[in-house]
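Engineer: Now for the letters of each chain:
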Amino acid sequence: MLNGGDGRGMAWRFTAGVATLVVAAGAWAAPFRPTDDAQVLERLPGRSTPQFSRLKSLQAAAAQTPNDLGRATALASAYIRESRVDGDPRFLGYAQAALAPWWKDPAAPTAVLMLRATILQSVHQFDPAVADLDRVSQRDPKNAQALLTRATLLTVQGKYAAARADCDKLHGLVSEFYAAACVAAIDSVTGSARTAYEALGRASAGTARTDGATRVWVETLMGEIAHRRDDPVAERHFRAALDAGERDLYLLGAYADWLLDQGRASEVIPLLQNETRSDPLLLRLALAQKALQRPEAAASIDALRTRFDASRARGDTVHQRENARFELGLRGDAPSALALALANWKVQREPADLRILAEAATAAGDAAAIGIVKQWLADTRFEYPAVAALVGGKGAPK
Amino acid sequence: MKRGLVLLAALLGAFLLPPADAHKPSDSYLTLKVDGEKIDGQWDIALRDIDYALSLDVNQDGDITWGEVRAKHAEIAAYALARRRLGPAGAPCPTRVDDQLIDNHSDGAYAVLRFTATCAAAPKTLAVGYRLFFDLDPQHRGLIRLEYQGTTRAGILSIENREQKFTLAELSKWEQFVDYVNEGVWHIWTGFDHVLFLLSLLLPAVLVRSESPGRRWQPAASFRAAFWDVVRVVTAFTLAHSITLSLAALGVVSLPSRWVESAIALSVVLAALNNIRPVVYDKRWVIAFCFGLIHGFGFASVLADLGLPQESLLIALVAFNVGVELGQLVIVGVFLPVAYALRTTGVYQRLLVVYGSAAIVLVASVWLIQRAFNLRLIGG
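Sequences listed follow chains A and B, in order.
For the first sequence, position 373 (counting from the first letter as 1) is numbered 373 according to the working numbering, and the numbering increases by one without interruption.
Converting from the second sequence to the working numbering requires adding 1000 to each position, the first position being numbered 1.
Rather than coming from a laboratory, the hints here were simulated on the basis of the structure.
Treat each hint with caution, since some may be false.
Stated by the list, open to error - With a Cα cut of at most 27 Å, we get these calculated BS3-like pairs of lysine-lysine:
#: 1; chain 1: A; residue 1: Lys159; chain 2: A; residue 2: Lys290
#: 2; chain 1: A; residue 1: Lys56; chain 2: B; residue 2: Lys1072
#: 3; chain 1: A; residue 1: Lys104; chain 2: B; residue 2: Lys1165
Claimed, not checked - Which chain A residues face chain B? A few, computed with CB under 7 Å, are given here:
#: 4; residue: Glu42
#: 5; residue: Gly87
#: 6; residue: Asp88
#: 7; residue: Lys142
#: 8; residue: Ala313
To be verified - Not close to chain A: a few residues of chain B, all C-beta gaps over 12 Å, as computed:
#: 9; residue: Tyr1029
#: 10; residue: Leu1047
#: 11; residue: Ala1082
#: 12; residue: Pro1278
Built from N, CA and C at the ideal position, the CB exists for glycine as well.
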């Protein structure tokens, strides 16, 4: 499983796999002919909002002069913002289209490089995204936005030394809060979780005015650190983040994970039952439904299967982490879960990625994969007792 | 500073969201059932995507109704069919849309186009070309499912990969050979840089340099002399690009394509300049040979794009080369008699050789700048 066999066998299996997936993804019920002209086939969300009219006017402006840098980047930024609010990846494609005249240009203007890096990272093209940010930093070593973004991407990839170097360069360029948060995010996964937690607390207390989104970010991160350390204070942080009043899909997922680990699945249902458009949240909802033996679990699992099949059919790797959790937690298919978790581990190395790898490796009894997890814990000194306990490594609770 | 902080805060917030997780990116599903020369197709395209391209929601109320879709049926069919091709680029299989229905996929309602394509003959390989929505949403994918004699095959078409070829019947060695010969001929005819390079070197072949102080061009004395001059240039070019094409195709040597393409453009500039301010005359075959080596790498990248069959690599290589030579011979065959007939005229000596070369220098310089600096000035 781990070594995957020879290249030709892999390629063949991939082709065959894609064929089955496309068949499954295209498994439409049955096309029909509506009988009534007034029948509504599709609702387009958010058409009456001021953001939409603003988007329309930016679109019109950019369409008039497609090579106008200012108009193109304004439109692309608006699309990226829209994709964050709405969670709809189509907007990222539209943003890319707005940047078409510069998309392939390695020496694109700085504004384009920043936006391109954002779009690339959102489809998990971390290396090209980092390369764009490298170019921005070469041109303008004091560009804090580029440094912070690159630090974040490098952290996601588990390249902590390089990430730390970027955080250090932030001192004096921006408010100390960001420099401290940047370092703490890395400390929290490299053996200084407690220090990181305290530093985050100090940093957010010492900053007089933080906006809602930043507040949510700090509280969520502190909640996650506490969660990994089995500290019940986690709940206070998640609640504080929820009370900040910013709709945040990531926070909902992190809080749901904590509730699931506490055996409080029944609280996940009201939290997520209206968030089923998002695959990661539907996954948590289905896990809760299954834990509670609710009959709705079957429908949620079917829906997730269709979505993951569709995503794999188009060659996406963005959903591999959730897909692995789906295979392990909802379908009980440890080998498939492990294959996905290993593929995902090549791309991103966040705590959740390590955890699903450890869970799948243990369930499949795969010594080599268990070894990867143990080695990572040893190399980074990352404190995650639940994971350490799974693989029987150092740091496992007594 | 304050603006920077706001941006930064937004940015910190940005990474809170799981990237591109929710909803589904844009895909269309194209199913092809091949039966002899007839292809039954079904194409499912999201109404949301069609709305983005063609504004289905005419009354702007946020609801797409069946009436709104029905009113645009003809427009939808025309838009979609123009962005999809079945069969070779030169002779696509004509397609007729038979019906338009609706289906619900996991992420919303899709228009379902049912169509029939009729090819001239039962295709042995079916090329599917696809470019729907790539201009509007470069992350769009076309997911293809091809059914043929009880087997199902799949393909993913994207902005980077706009064509997929499905092999339906096992091609005989001879048919493969003919296929690659055609590709070679087609490539030299449509590869304007190669043609212009060759023509630049051939233009002076029907002339000789006079030794008089004016050093003007004189018509060549005999067809025989002109003919052998052409043979020398063409043979040197052929020999050179065959060598590098083979080396590159066999994976012995590889060069970055931007470098190769720029060098090819440069070779055209220099070859044409040589007609305006001649530096090399008798030894033009040396230029042909040296730059021919570079052109060979250009041919190799085309061959690589076609997808070399590993089991018949040699056939493909030889056939493509033969195709390139045949294509060249036709160009030379047309050029030489015409040039020889015109060689005594001022039209040829000044207009074609001097101003024609100047025009070539201009065009190739634009290519050079585009390729070297990755710019997009004009098509080409």
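Engineer: Next step is simple, just say for each hint if it's right about the structure.
Structural biologist: For each hint, the structure was consulted:
1. Lys159/A with Lys290/A: violated, 36 Å
2. Lys56/A with Lys1072/B: Holds: Lys56/A and Lys1072/B sit about 22 Å apart, inside 27 Å.
3. Lys104/A with Lys1165/B: With a Cα-Cα distance of about 26 Å, the restraint between Lys104/A and Lys1165/B holds, given a limit of 27 Å.
4. Glu42: Holds, because the Cβ-Cβ distance from Glu42/A to chain B comes to roughly 4 Å (cut-off 7 Å).
5. Gly87: holds, 3 Å
6. Asp88: holds, 4 Å
7. Lys142: Violated. Min distance 10 Å.
8. Ala313: holds, 5 Å
9. Tyr1029: Tyr1029/B is in fact no farther than 12 Å from some Cβ atom of chain A, at 4 Å.
10. Leu1047: violated, 5 Å
11. Ala1082: holds, 18 Å
12. Pro1278: Holds: least Cβ distance 38 Å, greater than 12 Å.
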